[in-house]
Amino acid sequence: MNFFLLFLQEIIKKEFFLAFIQCSGPSMEPTIVNEDIVFSERMSRHLCKIQKGDIVIAKSPFDPNMNICKRVIGLEGDKVCTSSPSDLFKTHTYVPKGHVWLEGDNLRNSTDSRNYGPIPYALIRGRVCLKLWPPHSFGTLSESPTERIIKTQSDSDSD
Amino acid sequence: MAQQATAGRRCLRAFVSGFFVAVPVTVTFLDRFAYVARVEGSSMQPFLNPEGGSKCDVVLLNRWSVRNYQVQRGDIVSVVSPRNPKQKIIKRVIGLEGDFIRTLGYKNRYVRVPDGHFWIEGDHHGHSLDSNSFGPVSVGLLHGRASHIIWPPNRWQRITPSLPANRGPLDTEEEED
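Chains as they are written, first to last, in this note's numbering: chain B, 1 to 159; chain R, 1 to 177.
Among the clues, some could well be false.
Restricting the straight-line Cα-Cα distance to at most 20 Å, the calculated cross-link-like pairs of lysine to aspartate or glutamate (EDC-like) are [claimed, not checked]: (1) Lys-88/R - Glu-76/B; (2) Lys-97/B - Asp-54/B; (3) Lys-86/R - Glu-41/B; (4) Lys-52/B - Glu-41/B; (5) Lys-86/R - Glu-76/B; (6) Lys-79/B - Asp-54/B; (7) Lys-52/B - Asp-112/B; (8) Lys-55/R - Glu-40/R; (9) Lys-97/B - Glu-76/B.
Calculated from the structure, these hints are not laboratory results.
It should be emphasised that the depicted structure is a prediction, and the values quoted were computed from it without experimental measurement.
Can you build the whole structure from these sequences, using the hints too?
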């Protein structure tokens, strides 16, 4: 009986509680600020429908028990800019197969793929689709304010 | 005679279609606890699939024991491939975070495994896509630990963690060359 309760607890924790997430930290300001509560869905990740510009919750590559909340700047094969906007010479790299490039919206105060490189796609747990709290900013989340996403020809054709 | 044959066929068809409905439901439930997987390929020879060809081992993967990401060196684990999120690969854990590894064919001769990562290798060096190709793997990709070989019946055994000879973390005192 004890084991069954533990089992049930694991499933509820992993499948349902992950849906309502309280974010902490400044790395996604102004889109998501400290102590906002967001709602994330897990279907996109399983159907491999995560897109550039989506905000995702992922397992931290350095500690699988910690979660990070960042925006997808590039999917596999995409070109991403590895230099900062203030650099004179721009450097680029291509995201390897099976990986994604994540960056926080608050570029000055975010540890992300610019520091630790692209992370495997399978570390993504869900896509943030709605902000629930505070009430005055309830609703869908805005587009990336940082203009770090490099749009390719195929992106503009599909609009 | 022909009538008996069609009745038998209908029976078989009913059994097969029922089976294919019941099995996915059971598998989904058991997915959190344990997972049965057929090992394909030769990257873990001679321990798994020693005969190769059409005779593939089937292993029992314990998913419950890895829910807190606890693994030991020498464990055989299944991991989501960093190259392809839809594929799982079965390898042996050679090093954990903080270990120094002497690599076989990786871009750096020596690697310190970063925090939250581990180093996995197939027993059949040279025939294995593992950390020697794609580097240390994030522990978040850990899927399950192979606890038993359950098929073929003559190879039924419990899998205990064991590091192959000469593969393992370097003792920092011995690191002379």
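- Item | Numbers of the earlier hints that this structure fails to satisfy, in rising order | Failing hints: none at all.
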